[in-house]
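A.B. asks: Sequence:
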Amino acid sequence: MKNTKSFAFGLPAFAVAGLIVFNACTSDPGKKTADKHAATQTTETSAGLTLPTGFTATAVAENLGGARHISITPQGEIYVKLERPNNGKSVLLLHEADGKAEIKASFGTYRGSGIKVKNGYLYTSSNEDVYRYKLNANNEVIDPAKPETIVTGLINRRQHEAKSFTLDDAGNLYVNIGAYSNSCQVKDRQKGSLGQPGCPILDSAGGIWQFKADKLNQTYKDGIRYATGLRNVMGLDWNKQDNKLYVMQHGRDGLHDLFPEMYTTKQQAVLPAECLYVINKGDNAGWPYIYYDQEQKKNILAPEYGGDGKKEGDSKFIDPIVAFPGHLAPNGLLFYTGDQFPAKYKNGAFIAFHGSWNRAPEPQAGYFVVFQPFKNGKPDGQWEVFADGFSGSAANTASGRAEHRPCGLSQGPDGSLYVTDDSKGTVYKISYKK
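Heads up: the sequence shown begins at 255 in my numbering, then just goes up one per residue.
It should be emphasised that the hints constitute simulated quantities derived from the structure, not laboratory data.
Treat the numbers as computed from the prediction; the structure is a model and nothing was measured.
No residue lacks a Cβ here, since even glycine has one placed at the ideal position from N, Cα and C.
A portion of the hints provided could be inaccurate.
Stated by the list, open to error - Computed Cβ-Cβ distance ranges for the label pairs, DEER-style:
{"hint": "1", "residue 1": "Q636", "residue 2": "T591", "range": "31 to 41 Å"}
{"hint": "2", "residue 1": "K551", "residue 2": "Q444", "range": "41 to 51 Å"}
{"hint": "3", "residue 1": "G407", "residue 2": "D352", "range": "42 to 52 Å"}
{"hint": "4", "residue 1": "N392", "residue 2": "T518", "range": "36 to 46 Å"}
{"hint": "5", "residue 1": "I478", "residue 2": "G669", "range": "44 to 54 Å"}
{"hint": "6", "residue 1": "E316", "residue 2": "I478", "range": "11 to 21 Å"}
{"hint": "7", "residue 1": "A597", "residue 2": "P451", "range": "43 to 53 Å"}
Unchecked claim - Straight-line C-alpha distance at most 35 Å; calculated DSBU-like pairs for lysine-lysine:
{"hint": "8", "residue 1": "K475", "residue 2": "K598"}
{"hint": "9", "residue 1": "K388", "residue 2": "K466"}
{"hint": "10", "residue 1": "K400", "residue 2": "K494"}
{"hint": "11", "residue 1": "K688", "residue 2": "K466"}
{"hint": "12", "residue 1": "K535", "residue 2": "K388"}
{"hint": "13", "residue 1": "K494", "residue 2": "K388"}
Given these sequences and hints, build the entire structure.
C.D. replies: Below, the structure written as structure tokens:
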């Protein structure tokens, strides 16, 4: 497949102080690219978030537990998947009224992140399986004690184990099976250890598998390895504008820690890129053999497989269509199809960045939701920080001690944007009014 052109950009200007390290690999100390992603006008909301003028945010629910992904019904009811059970339950149904959402029902006892309302069913995932619950005419679960098992037996080695997923409109289910490794070393995350020849992990992980959305008890043998070479994907969405799968990959860690003779600590803090890919069946994004360097704007051969930070990777691997600074942890992806927001947001992508933990000794970064404009199914222009302030302060961001960490995204029937926080269990509703 011919590689697509990549759009790689610098850092957002009004993001917190630690983000100046995004430019550490260039001779520019930061000023030249710092203004690219700034919102020209912002307003502080009562929920503590900074948003473009005209937008407001409300914390409709708080203290839910580790709120991961979220799905809103046509009636405006809110389904939230908790990473682990809180008060014994991990799936919540919230009813929103007068700016507050109260728990209406709770069920499920399994860990996991994925949740989606689709075609009369509520789909959810554990770290090994995908389930579905039949819904009534009001999109309420009929029998929460008896989910159907759609996929079972997916590998869980307790690293990148969350089985995030999405569905298309042709009856297919797309499941992320994250690699249980950082870079497929013989000794994982050990200094100087080289990569396993042929990376055997890729036989059952490190990619996206396609299954039927309505067939019960599927296993690996029933699925199709739709795309490979993806280390871990938490945010993925089916873009109805071009009828294709889009994913946000979590880039690898530890370039300096593992190969200090090749990389500085500053390079480790910003490399490699967090990548947005458009995925076609059979695509290979190159993990663990390559990573995308947003400074050099090309795929670079991984040091575990003979790279030195400059050698280019094999051209058979696809390029990202947008490359973001490293280690921001993209956990949610949503293509906005509503009419409430201004026209520039129509069909564009919102991405929730959970925030970094591994940029030391540089400041930590992220903890925001960004917007990437699209036009005719392709990225159009520079991304910008849309919602900031989740961490609570610049000091919280720099230290990695964020009060809130954005994770899941969903669109309400009125076109509002919902954002989950898996640190304190907050659900934010972001709305626009002229």
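A.B. asks: Check the structure against each numbered hint from earlier and tell me which ones fail, lowest number first.
C.D. replies: 1, 2, 4, 5, 6, 8 and 11
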